[in-house]
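K.L.:
Here are the chains, one letter per residue:
Protein chains: 2
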Amino acid sequence: MTEGRTPHSPLLCDGSNATVRNPISPDGRTVPGERHTIPAREGRAVHVNAGDRLLILNPKGHQVCDFFALAYGSPAEMLSMEHTRTALGKVYVGAGDTLVSNLRRPMIEIVEDTSPGTHDILIASCDHARYQKLGAEGYHDNCADNFRMALKAIGIEPIHVPSPFNIWMNIPVGKDGRYAWTAPVSKPGDHITLEAKQTCICIMSACPQDMTPVNGIDTEPAELVFWIEEGA
Amino acid sequence: MTEGRTPHSPLLCDGSNATVRNPISPDGRTVPGERHTIPAREGRAVHVNAGDRLLILNPKGHQVCDFFALAYGSPAEMLSMEHTRTALGKVYVGAGDTLVSNLRRPMIEIVEDTSPGTHDILIASCDHARYQKLGAEGYHDNCADNFRMALKAIGIEPIHVPSPFNIWMNIPVGKDGRYAWTAPVSKPGDHITLEAKQTCICIMSACPQDMTPVNGIDTEPAELVFWIEEGA
Chain G
1 MTEGRTPHSP
11 LLCDGSNATV
21 RNPISPDGRT
31 VPGERHTIPA
41 REGRAVHVNA
51 GDRLLILNPK
61 GHQVCDFFAL
71 AYGSPAEMLS
81 MEHTRTALGK
91 VYVGAGDTLV
101 SNLRRPMIEI
111 VEDTSPGTHD
121 ILIASCDHAR
131 YQKLGAEGYH
141 DNCADNFRMA
151 LKAIGIEPIH
161 VPSPFNIWMN
171 IPVGKDGRYA
181 WTAPVSKPGD
191 HITLEAKQTC
201 ICIMSACPQD
211 MTPVNGIDTE
221 PAELVFWIEE
231 GA
Chain F
1001 MTEGRTPHSP
1011 LLCDGSNATV
1021 RNPISPDGRT
1031 VPGERHTIPA
1041 REGRAVHVNA
1051 GDRLLILNPK
1061 GHQVCDFFAL
1071 AYGSPAEMLS
1081 MEHTRTALGK
1091 VYVGAGDTLV
1101 SNLRRPMIEI
1111 VEDTSPGTHD
1121 ILIASCDHAR
1131 YQKLGAEGYH
1141 DNCADNFRMA
1151 LKAIGIEPIH
1161 VPSPFNIWMN
1171 IPVGKDGRYA
1181 WTAPVSKPGD
1191 HITLEAKQTC
1201 ICIMSACPQD
1211 MTPVNGIDTE
1221 PAELVFWIEE
1231 GA
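From first to last, the protein sequence lines stand for chains G and F.
Residues in the first sequence are numbered consecutively from 1, following the working numbering.
Residues in the second sequence are numbered consecutively from 1001, following the working numbering.
Among the hints, a few may not be true.
Calculated cross-link-like contacts (lysine to any residue; reagent style SDA-like; alpha-carbon spacing at most 25 Å) [to be verified]:
no.: 1; chain 1: G; residue 1: Lys-152; chain 2: F; residue 2: Gly-1177
no.: 2; chain 1: F; residue 1: Lys-1090; chain 2: G; residue 2: Lys-152
no.: 3; chain 1: F; residue 1: Lys-1175; chain 2: G; residue 2: Pro-172
no.: 4; chain 1: G; residue 1: Lys-133; chain 2: F; residue 2: Lys-1090
no.: 5; chain 1: G; residue 1: Lys-133; chain 2: F; residue 2: Arg-1104
no.: 6; chain 1: G; residue 1: Lys-90; chain 2: F; residue 2: Lys-1090
no.: 7; chain 1: G; residue 1: Lys-152; chain 2: G; residue 2: Pro-75
no.: 8; chain 1: G; residue 1: Lys-90; chain 2: F; residue 2: Ala-1180
no.: 9; chain 1: F; residue 1: Lys-1175; chain 2: G; residue 2: Thr-98
no.: 10; chain 1: G; residue 1: Lys-60; chain 2: G; residue 2: Gln-198
no.: 11; chain 1: G; residue 1: Lys-90; chain 2: F; residue 2: Pro-1116
no.: 12; chain 1: F; residue 1: Lys-1175; chain 2: G; residue 2: Ala-76
no.: 13; chain 1: G; residue 1: Lys-133; chain 2: F; residue 2: Gly-1094
no.: 14; chain 1: F; residue 1: Lys-1133; chain 2: G; residue 2: Ala-76
no.: 15; chain 1: F; residue 1: Lys-1187; chain 2: F; residue 2: Pro-1116
no.: 16; chain 1: F; residue 1: Lys-1187; chain 2: G; residue 2: Gly-177
no.: 17; chain 1: G; residue 1: Lys-90; chain 2: F; residue 2: Gln-1198
no.: 18; chain 1: G; residue 1: Lys-175; chain 2: F; residue 2: Pro-1213
no.: 19; chain 1: G; residue 1: Lys-90; chain 2: F; residue 2: Ala-1040
no.: 20; chain 1: F; residue 1: Lys-1090; chain 2: G; residue 2: Gly-177
no.: 21; chain 1: G; residue 1: Lys-175; chain 2: F; residue 2: Val-1173
no.: 22; chain 1: G; residue 1: Lys-197; chain 2: F; residue 2: His-1160
no.: 23; chain 1: F; residue 1: Lys-1133; chain 2: G; residue 2: Glu-220
no.: 24; chain 1: F; residue 1: Lys-1133; chain 2: G; residue 2: Gly-177
no.: 25; chain 1: G; residue 1: Lys-60; chain 2: G; residue 2: Ala-95
no.: 26; chain 1: F; residue 1: Lys-1133; chain 2: G; residue 2: Ala-50
no.: 27; chain 1: F; residue 1: Lys-1133; chain 2: G; residue 2: Ala-87
no.: 28; chain 1: F; residue 1: Lys-1175; chain 2: G; residue 2: Val-173
no.: 29; chain 1: G; residue 1: Lys-133; chain 2: F; residue 2: Gln-1198
no.: 30; chain 1: G; residue 1: Lys-133; chain 2: F; residue 2: Pro-1106
no.: 31; chain 1: F; residue 1: Lys-1090; chain 2: G; residue 2: Leu-88
no.: 32; chain 1: G; residue 1: Lys-175; chain 2: F; residue 2: Gly-1094
no.: 33; chain 1: G; residue 1: Lys-133; chain 2: F; residue 2: Ile-1110
Keep in mind that the hints were calculated from the coordinates and are not lab data.
These numbers come from a predicted model, not from an experiment.
Just chain G, same shape as in the assembly:
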């Protein structure tokens, strides 16, 4: 939190939690199998080569992961939920689905999902304005800033904050098109396996939402863990 710098803007990277100081490495590269923790309320970026797999583990089970991906070397190409909805013809995604970029190129395939498969591709990342509207006072950690800080920590400046793939987020859409903000149905130890269809920078935020039940009915944000597995 940066005292005195108000109002915080959803257009600026003005958060200051440890995300910006603790990248997994200077360029986001890691070695296969090395496990990294994303502390509660923080974010991390990781370089994933085409064909490699990124495993994201949900130790407590109730924690949402806001997930983003940028094409390596071409950060204007981003994983895009609106293009993915068009490509898949549906508003949900699950194992077997390939998520595409704003160039409509395959970027991330969901190859394994141990949870019941409830994820969200409709809702914007939380940001300063979201928490202000919910009644937060002062700065509140948020996924939009975690996205920008995780990238800043490895020397990348994104053009904007794209709409995220909200892993384990449970936003059921009713027959009338209205939806509810409900707790995840994932369980402790669930993981999801994502295969990079092109070399990407993947960004994950352990969503700091503690004013609605999207991270569980106890509204207690928790950590996430991730690692890379090499492709065959």
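Given chain G, put chain F in place with the hints provided.
P.N.:
Same frame as chain G, but now just chain F:
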């Protein structure tokens, strides 16, 4: 169409229909009541003062309008469908709803809608890659380029192409979250009235989609008409 410049990129303003040469005025300003036609397959940008209303008329009834808005003087603030879905708690919009920006500020209120109210806020604008996937050869007019060209025509360069408000586009979402690409249910002469909640540049594209029935079962893109009415 620019021969020899391939591949066209969804990241570039590389279209060349008349949109880029025929702005309604050098800065997009107009006088109340003056009617402007958006020829089939083209786009236009218009300056709308806070409190004024933008009326968009669908003469043939079956034509979709991809609609966008940027904050005047601050084009990084854009009308955002993902933030609007969050604000409204639903995946459809209709008369009485206020659409918000990526700063979660009110931007556009739908104050009147003579159609049955079927619009889309889920699907990305068509672009070169979309038409390639549908089998088009060479360049095909598209809403992403129309958005960029309409802005270029009045001297504005957008940061990216946001997810559009697809007026009259009929993409029914089924109980299983899958949707269909179907013809509009609007009728000839329908119009929609949008009130600017802040001073905006509004961009409209008469969607050139002629390879799916989103612009009617005859897949014949048509013109749109718009004008401004001063607020009370």
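K.L.:
What's the verdict on Lys-133(G) and Gln-1198(F), does the C-alpha distance respect the 25 Å limit or exceed it?
P.N.:
19 Å, holds
K.L.:
Can you confirm whether the C-alpha distance between Lys-1175(F) and Ala-76(G) stays at or below 25 Å?
P.N.:
34 Å, violated
K.L.:
Is it true that the CA of Lys-1090(F) sits at most 25 Å from the CA of Leu-88(G)?
P.N.:
20 Å, holds
K.L.:
Is Lys-1133(F) within 25 Å of Ala-87(G), Cα to Cα?
P.N.:
Holds, at about 10 Å.
K.L.:
Does the alpha-carbon distance linking Lys-1175(F) and Pro-172(G) stay inside the 25 Å limit?
P.N.:
Satisfied, since the Cα-Cα distance of roughly 11 Å is no more than 25 Å.
K.L.:
Lys-1090(F) and Lys-152(G) were given as a pair; does the straight-line alpha-carbon distance stay at or below 25 Å?
P.N.:
Violated - the C-alpha atoms of Lys-152(G) and Lys-1090(F) are around 33 Å apart, more than 25 Å.
K.L.:
Given the hinted pair Lys-90(G) and Lys-1090(F), is their Cα-Cα distance within 25 Å?
P.N.:
16 Å, holds
K.L.:
Between Lys-133(G) and Arg-1104(F), does the CA-CA distance stay at or below 25 Å?
P.N.:
Answer holds: Lys-133(G) to Arg-1104(F) is near 9 Å, not above 25 Å.
K.L.:
Lys-90(G) and Gln-1198(F) were given as a pair; does the straight-line alpha-carbon distance stay at or below 25 Å?
P.N.:
Violated, at about 33 Å.
K.L.:
For Lys-90(G) and Ala-1180(F), compute the direct alpha-carbon distance and say whether it is at most 25 Å.
P.N.:
With Cα atoms ~9 Å apart, Lys-90(G) and Ala-1180(F) stay inside 25 Å; holds.
K.L.:
Holds or violated: Lys-1133(F) and Ala-76(G), Cα atoms, limit 25 Å.
P.N.:
21 Å, holds
K.L.:
Check whether the Cα positions of Lys-60(G) and Ala-95(G) lie no farther apart than 25 Å.
P.N.:
At roughly 21 Å apart (the allowed maximum being 25 Å), Ala-95(G) and Lys-60(G) satisfy the hint.
When held up to the earlier numbered hints, the structure conflicts with 1, 2, 10, 12, 17, 19, 23 and 24 and fits the remainder.
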